[in-house]
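Quick note, the sequences are listed as chains X and P, same order.
Sequential numbering of the first sequence, starting at 1, is according to this note's numbering.
Sequential numbering of the second sequence, starting at 1, is according to this note's numbering.
No false leads were slipped in.
Dumping the calculated DSS-like pairs for lysine-lysine here, alpha-carbon to alpha-carbon at most 27 Å:
id, chain 1, residue 1, chain 2, residue 2
1, P, Lys98, X, Lys5
2, P, Lys98, X, Lys58
3, P, Lys5, X, Lys58
4, P, Lys99, X, Lys54
5, P, Lys98, X, Lys48
6, X, Lys109, X, Lys126
7, P, Lys5, P, Lys98
8, P, Lys26, P, Lys126
9, P, Lys5, X, Lys98
10, X, Lys48, P, Lys99
11, P, Lys5, X, Lys99
Because the hints were derived from the structure by calculation, they are not lab data.
Bear in mind the structure is a predicted one, so any value in this text is a computation, not a measurement.
Each chain, letter by letter, is given below.
Protein chains: 2
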Amino acid sequence: MRLSKEEKAYIAGFLDGDGSIHVRLKPNRTYRYRFQISPAVVFYQSAKEGDHLKWLNKLLGIGYIRKRNDGIVEFIVGDSDSIIALLCNLLPYLRLKKKQAELMLEIIKLRKSVGTAEDFLKIAQKIDLFQNINYSKKRIRNSLEVERTLRKERLLTP
Amino acid sequence: MRLSKEEKAYIAGFLDGDGSIHVRLKPNRTYRYRFQISPAVVFYQSAKEGDHLKWLNKLLGIGYIRKRNDGIVEFIVGDSDSIIALLCNLLPYLRLKKKQAELMLEIIKLRKSVGTAEDFLKIAQKIDLFQNINYSKKRIRNSLEVERTLRKERLLTP
Numbered sequence: 001m002r003l004s005k006e007e008k009a010y011i012a013g014f015l016d017g018d019g020s021i022h023v024r025l026k027p028n029r030t031y032r033y034r035f036q037i038s039p040a041v042v043f044y045q046s047a048k049e050g051d052h053l054k055w056l057n058k059l060l061g062i063g064y065i066r067k068r069n070d071g072i073v074e075f076i077v078g079d080s081d082s083i084i085a086l087l088c089n090l091l092p093y094l095r096l097k098k099k100q101a102e103l104m105l106e107i108i109k110l111r112k113s114v115g116t117a118e119d120f121l122k123i124a125q126k127i128d129l130f131q132n133i134n135y136s137k138k139r140i141r142n143s144l145e146v147e148r149t150l151r152k153e154r155l156l157t158p
Numbered sequence: 001m002r003l004s005k006e007e008k009a010y011i012a013g014f015l016d017g018d019g020s021i022h023v024r025l026k027p028n029r030t031y032r033y034r035f036q037i038s039p040a041v042v043f044y045q046s047a048k049e050g051d052h053l054k055w056l057n058k059l060l061g062i063g064y065i066r067k068r069n070d071g072i073v074e075f076i077v078g079d080s081d082s083i084i085a086l087l088c089n090l091l092p093y094l095r096l097k098k099k100q101a102e103l104m105l106e107i108i109k110l111r112k113s114v115g116t117a118e119d120f121l122k123i124a125q126k127i128d129l130f131q132n133i134n135y136s137k138k139r140i141r142n143s144l145e146v147e148r149t150l151r152k153e154r155l156l157t158p
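All chains should be built: construct the whole structure from the sequences, respecting the hints.
Structure follows, in structure tokens:
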């Protein structure tokens with residue numbers, strides 16, 4: 001991913017205006033700790049402006065385009081290495097979503113070194129922080145559900 | 001308004017993502033041609049992110065902040081000279097809203113040389129074009145209302 005300073009600044013502005021940096025915890029029994037950590041950087045546009053996201057997709061060389069049923073087109077960057085590359089490029093220029101970007105990079109780093117259920121729970125607690133930064137109306141504490149599940153399955157020592 | 005290339009690119013990206021470039025025609029009997037031409041470049045944010053717009057307001061040194069009742073904060077640039085200065089800086093970096101910016105600059109230029117009701121009607125027809133570019137759901141033809149009024153008041157020769 002080779003971007004000029006102006007391209008980085010433009011994309012940072014566009015992400016600040018109309019994008020999202022978030023991590024979801026999805027229950028999935030096939031995973032060691034029963035939850036899948038699903039990070040994403042997403043850009044949105046109406047279907048009629050979908051070409052703009054295709055241009056961005058091609059420029060960055062990562063992620064994929066998804067057309068939703070409600071007429072919104074999403075450009076999603078979901079794999080860790082691509083997210084790291086993208087956010088490291090944008091970080092100097094991000095303003096509104098700088099904290100989310102830093103938290104995302106921290107979570108991806110932590111995920112790479114998970115050794116125990118305790119480590120996993122710590123990541124879930126970090127993911128909770130997104131809701132405070134993103135001013136989400138839902139105040140679901142993902143980490144409480146993770147903790148309950150890990151205890152129930154005796155993966156976490158009491 | 002002295003901006004670095006990166007600042008111009010960032011603001012262009014932010015405007016492309018979450019801003020608006022539009023012209024309204026407001027009926028106003030105190031105006032020579034019975035309508036006020038009201039151009040605006042607007043940036044939006046939730047009230048909690050209002051500081052970001054204050055930063056932008058200060059950086060650009062133009063426009064003003066308005067807090068709406070629904071919790072949205074707007075940073076509005078509404079006077080012609082400020083709009084010209086802003087858009088000329090952003091034009092090389094705008095992508096999604098480049099056409100709107102060019103149309104806006106054209107309308108502001110035409111407005112400065114209005115001599116007759118016919119000239120005024122031509123501007124109203126240009127303003128109609130915004131609805132096509134902005135994919136507005138409302139298909140109000142402002143110029144038809146302007147033409148009707150100008151004829152009724154015998155400002156426009158039949």
